[in-house]
Structure formats: C-alpha cells, structure tokens
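Asker: Residue strings, one per chain:
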Amino acid sequence: MNLLLVEDDPELGRQVAGWMHDAGHALKWEKTAAAALEVIRKQECDAVILDVGLPDMNGFSLMEKLRREGVRTPVLFLTARAEVSDRVRGFSAGGDDYLTKPFAFEELLARLEALHRRSTNHVPTHRNLGKCRLDLMKRRVSCGGESVELQPREWCLLEVLMSHEGRVLPKKFLLEQVWDIHFDPGTNVVDAMVCRLRRKLEMPGCDVMIETIRGKGYVFKTLA
Amino acid sequence: MFSKLWPEKLPSPWRLSLLMVLIVLVINLMILTFVRIAVTQDMRSVNRSRILDSLLQHAALYTEGGLPMLKKVSKAGQPLSRNGLRVVGATGVVVYEDIPEPLRPYPWPTQPLRTLVGKGDMDQQEITADGQPFLLYVGAIRLWDGSTLWLGRTDAQSRHYLGNIERHLWFAGLTASLMAFLPVMWYLHDVLRPIQSFIISAERMRLPGSTTRLRAPGAIPELKVLASVVNTGLDQIQALTRELQSTNDFLAHELRTPLARIRGNLEHLHDETDNDKAREAAARGLEEIDRATQLVQTLLTIRAGDHAALRLHRQITSLDSLLSNLVELFIPAAEDRRLVLKLVPGLSLTLNMDRELLTQAVSNLLDNALAYTPAGGQITVRWQGEGTGALITVDDTGPGLHPGEVEVIWERYARGTAARPKTSGMGLGLSLVRSIAMAHGGYAGAQNREGGGSTFWIHIPGA
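If you read the protein sequences in the order shown, they are chains A and B. Take the first sequence: its position 220, counted from the start at 1, is 220 in my numbering, and no numbers get skipped. Just remember that my numbering sits 224 ahead of the position in the second sequence, which is counted from 1.
With the rest of the complex left out, here is chain A (with noise of 0.2 Å):
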C-alpha cells in the first residue's frame, strides 16, 4: 500500500513510519495540512492516516475539503479526541475510520488493510481451514459430514479475527468491530467469548488456533 501520514508530533510520525516500512508499506509522512493537501489531490495514495489537532488547520476541516473536492481515497483518523462527538464529527466530515491515540500498531495496520480491501472490494465467498470450510456468505462452518452451530456474534467474532489472520488484535478493537462497544466493560467478556469460540473451533479439528498474547490481544492463526 501507498500510504500517506499527516501527523505533526514527530515521536509518533518516527514509529508509525517505521514499522509501516517494516510492514511493507511505503509511507510518505507529511507534518501540515497544506503540505498533505498537494500529495493527496496528486491521488499518489491508497490510504491516509490523518491526525486532527494539525498546526494549520483542524483534521476534520481538511477531510471536509477533500471530500467536497471529490477526492474518495479511504481516510482514517488518528487522534487524541476520543469523546463520541469527535468520533462521529469524524465520520460526518467523510472520514472512513478512528482510531483515538494512544493505539496499538498492529490495529492500526489492520484497519488501514480492511480500509484499503474495502476500497479494491475484495470479498472472499468461502474459505478452507484444514478440515473445515466456512462458507462467508450463509454463516456456516462445516468439518466433514458435522456443522458447527455459531451464534450470531461468535461468528462475526470469527470474521474479524479471520479478516486479520495472523495480526494481533487488541480487545478494544474486537468490542469496536463486533460489539459496537468503545470503552472496556472491565469484566472479561471479550476473553470468555474468545474461549468459547476456541473450542467449538478446536473440536472437530478445524486446523486453526486462536493465541493469547498478553498486553497486546489475540491473533488468529491457521496451522496448515
């Protein structure tokens, strides 16, 4: 992906270009509206990171700009404003995405890349893990002759994970994707729900696993 970073503190403009380039992206950082304003009407990228508080001019005010210019590349807000005013000035200004400072990096890729799937609308039908095929469009999993019984909300749980295989998903992300949820409701509910799909997938042997890792979340993984 060609992607385009407006952000003018320069710890975090560092580390995001840095593991952006690790990931395998190429980045192009900018550190006012104006100068960002000249890259994207060139539309030399396929997705921008935007910061709100820039010193020339107000995120939001730059995206409604862009927007009424016609310009359609996939926008996502990273901020420090994390009030549900923000969020949803955010969006009606024609932003695609939000995501409040501080974040997780990985999150931050894997909103960029389901942004940028969006855009290209790539949508698998179907998937074959092991044993197992998920067919995406009825909701139904199968291994062998038996189906897998999913609730409604396992299994959109199971497609954001699987949207983001091997990426490391924080808790806050999953509650956003599939609860709708934007704070942390405090009692384990993200881990008792991740439990429960781990065994009714583990059980007749579909060849994924669903890890663990402390600190930073979960990461959906096909063994095969």
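Derived from the structure by calculation, the hints contain no laboratory data. Do not take every clue at face value.
Claimed, not checked - Derived pair list, reagent style DSS-like, types lysine-lysine, alpha-carbon separation capped at 30 Å:
{"#": "1", "chain 1": "A", "residue 1": "221", "chain 2": "A", "residue 2": "200"}
{"#": "2", "chain 1": "A", "residue 1": "65", "chain 2": "A", "residue 2": "42"}
{"#": "3", "chain 1": "A", "residue 1": "171", "chain 2": "B", "residue 2": "566"}
{"#": "4", "chain 1": "A", "residue 1": "42", "chain 2": "A", "residue 2": "28"}
{"#": "5", "chain 1": "A", "residue 1": "200", "chain 2": "B", "residue 2": "566"}
{"#": "6", "chain 1": "A", "residue 1": "221", "chain 2": "A", "residue 2": "138"}
{"#": "7", "chain 1": "A", "residue 1": "171", "chain 2": "A", "residue 2": "131"}
{"#": "8", "chain 1": "A", "residue 1": "200", "chain 2": "A", "residue 2": "131"}
{"#": "9", "chain 1": "B", "residue 1": "566", "chain 2": "A", "residue 2": "138"}
{"#": "10", "chain 1": "A", "residue 1": "171", "chain 2": "A", "residue 2": "138"}
{"#": "11", "chain 1": "B", "residue 1": "501", "chain 2": "A", "residue 2": "221"}
{"#": "12", "chain 1": "A", "residue 1": "171", "chain 2": "B", "residue 2": "501"}
With the hints as your guide, set chain B onto chain A.
Answerer: Structure of chain B alone, referenced to chain A:
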C-alpha cells in the same frame, strides 16, 4: 406569619383570596358595628325628643279643650301617629285610653311618677315586654288639673331606618370587596404568571447543555431583577462549564499523545526483543498504559458529567436492543463464573439518549454484579417505562450492601466493604454510572433487596 393559617400545598392565589375575604369581612363587620352603635344612640335621643314634643302638644290641647278635645284629635290622628295615649286622673283612675293593638302587650305604667309634682313636669321611661321585638318609649306629663297624660310609641320606625342603613352598608361593603379582588388579579398576572414561567424555564435548565434563561416580560420590577441576577449566575456557570470542557479536551489531548509515544516504544520493544523477561515486562507495561488511558477517560467523563459539561451525543435508541446486546455480551463471562445472567424484557421503549454512555453505565453495573455475586447466583436486568423515560434495574443475589454504604459507594474512589482484594478497579465505576445518569437529567441509586442481594437502578427521564 400567615404560614400556619393554611395547608402547605394551598396555591398562593387561594391564600391571597382567603386573606382578602377575611380582611374585607372584618372591615365590613367593624364598620357595621360602629355605625349601628352611632345610629342607635342618635335614634334614641330622636325618639325621646319626639315623645316630649308630642306630650307638650297634647298637654296644650288638653289645656285648651279638655279631654273631649284630646279625644277628638287623638282619634283623628290615630291611623298615622301610631302613638298610645292614656290619661290618668288625679285619683289614679284611668280616665281615657287609646292604645293601638301593637302597643297593648307592653306593661303601661298606671301610677303617676313621684317626680311629677308640679304642672308641666315630665318624665320618660323605656319599657320592654316579653315576646316583643321593639322597645316602648313612654313619656308622662302632669296636666293642669293634676291628672297625668301618658304617651308611648315603639322604636319600630327607627329600627326600620337602621335596617335600611345596614342593608346599604352591606351592599357597599360587598362592592368594595369585589374591588379588593383587583389586587388578586394583578398578583395573578404580574407576579404569579412570571413565577410560573420561571419554574418552567428552571425545569428546562436541569437538562445538560441547556441555554434557557429566565424571562419575565411584564413582571414586577423585583422579579425582573431576580431574573437578571439568576441569568447572570447562569451565564457564569455556562462559562465555567465551557472552560471545564476545554480543560478536559486539553488534558485528554496532552495525556493521550505522550501515552501513545510510550506505548509505541513499548510495543516495539515487545515485538523486537528476544528476551522473554523483557517481553513480559513490556506486555505488563502495555496493559498498564491501556488501563491508565481508560482511567483518564473515565475521570474526565465523571468530572464533566458531574458539572453538566458532558457533551451528550443523543440519538433515538431502542432500549430493548441496547440491553439485550449488552446482556448477550456478558453472558459468556457470567457462565464462566457459574452465574445466571438474564434479561426480563419490558415493554418496547425508545429513548433519546447517548447510546454509548448509557451502554457504559449499564455495563459498569453488570461488571459490578459479576464481580460481587458468588458462583451459583443470579443477575437479572430489567427495564420499565417511567413517564416518557425509563428505569433500568440490575438485581443480583450477592452479599448486598452494608446499610451505611448505600450512598457512600457512589462517591469517587469509594469501594464497598464487600470488595474483595482480588476485585480490581479504582472505585470509579459507580460514580461514572451516576454521572452519566445525571448528564441525562436522571439519577442512579441502589438498595438492598428483600431476601438478600442488591438492586442497582438508573433512571433516565424522557428528553
């Protein structure tokens, strides 16, 4: 001073009216009493002098024409004069008597009075009789031949006059009373109506973010001053609220950015190091940073909620789906703890509220219920409509609350005695719940249930 005169809930127009009626009644009665005393005294002296006049006239007639003349004149004037007449001879025998029927029941004196010694001496008496409403005025005069002439008349006519005066006074009094209600009308229009509009405005002001101010067009000057003083106060509060919001924004930003820098570096360390101990330390560090971030957010939300500075993102939300989603989220965790978590559905309800904040409030109650209820227990979530709002309750079968802690637990950093060492948390959960409820114009509370366990509730009024 009048507060004990009437029931506490009696509206003020009634109080004022009752007071006016009482005052008018007392004034009327006083006027009437004084007028009656004055008029009665006047009438008495008028009556007495009229008796004396008549006695002198009759004595003159007697002197001129003797008894026949007296009889003749008396007969002629009888239908009009309503006087009683009696002549007693010097020996004490009644010589002539002409007493009309109404005057007969009175005990007319027969003996001449001792004071009537010489010719032309006069005296008067007032006589009452059982069963007779009037007073009889009787006068006596010593005639030239030693006999006595008695002349009497009742005060019926003066009583009639007095009655007339009283009727007119009553009429005048009642007309004046009606005019006395003009102040009541004025009070209703210029005092009470502005006060009522104050009440309506003040109720609107309870809602967070409200910019309503007291308005008092046409009110009395004192109320206008009150409105302007209150409005100035409200402006100051609003300015403070804005300042609090911007401080919160600043704090959130200034804390989150450095936390993000630290987190990034820790993550880098975690991923790059080959040293297991270092990775473990980095993981713990990441957990602490996430906890600190959540803590900062919670504190800022509570602070803003307590001071009505919380920016609510209200949207029409179905309470049914909000609660059933939330219960569904907590069920696996509840089952892990061998607890039964269930939702008792109420009537379908939609509310205009901040979906996310309310989810967070209920989720905090569920988090508490799961932490404090021992294995095998049951947690029940219910809701019911309350006017245009809703009451959400979470019942548990836990140890219940210590009676002295029912209110204390809602304070910041407070933790109930039931808190076991292994339960985490800073004691902010419940104050966050109450702050969120208050930001919606509602409230949150708790009580022990009969038969054990406790009930926590959130009331959200209709917006």
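Asker: Given the hinted pair residue 65(A) and residue 42(A), is their alpha-carbon gap at most 30 Å?
Answerer: This hinted pair holds, its Cα atoms lying about 15 Å apart.
Asker: Given the hinted pair residue 221(A) and residue 138(A), is their Cα-Cα distance within 30 Å?
Answerer: Distance ~22 Å between residue 221(A) and residue 138(A) Cα, so the pair holds.
Asker: Does the structure keep residue 221(A) and residue 200(A) at a Cα separation of 30 Å or less?
Answerer: Roughly 15 Å between the alpha carbons, so the hint for residue 221(A) and residue 200(A) holds.
Asker: For a C-alpha distance cap of 30 Å, please report whether residue 200(A) and residue 566(B) respect it.
Answerer: Distance ~23 Å between residue 200(A) and residue 566(B) Cα, so the pair holds.
Asker: When you check the alpha-carbon spacing of residue 171(A) and residue 566(B), does it fall within 30 Å?
Answerer: holds (24 Å)
Asker: Does the structure keep residue 171(A) and residue 501(B) at a Cα separation of 30 Å or less?
Answerer: Holds - the C-alpha atoms of residue 501(B) and residue 171(A) are around 23 Å apart, at most 30 Å.
Asker: Hint check: residue 171(A) vs residue 138(A), CA-CA at most 30 Å. Holds or violated?
Answerer: holds (26 Å)
Asker: Given the hinted pair residue 501(B) and residue 221(A), is their Cα-Cα distance within 30 Å?
Answerer: This hinted pair holds, its Cα atoms lying about 24 Å apart.
Asker: For the pair we were handed, residue 200(A) and residue 131(A), check the Cα-Cα distance against 30 Å.
Answerer: holds (14 Å)
Asker: For the pair supplied as a hint, residue 566(B) and residue 138(A), is the alpha-carbon distance within the 30 Å limit?
Answerer: Distance of about 29 Å is within 30 Å: holds.
Asker: Is the Cα-Cα distance between residue 42(A) and residue 28(A) 30 Å or less?
Answerer: Holds, at roughly 13 Å.
Asker: What's the verdict on residue 171(A) and residue 131(A), does the C-alpha distance respect the 30 Å limit or exceed it?
Answerer: holds (28 Å)
Checked against the numbered hints given earlier, this structure breaks none of them.
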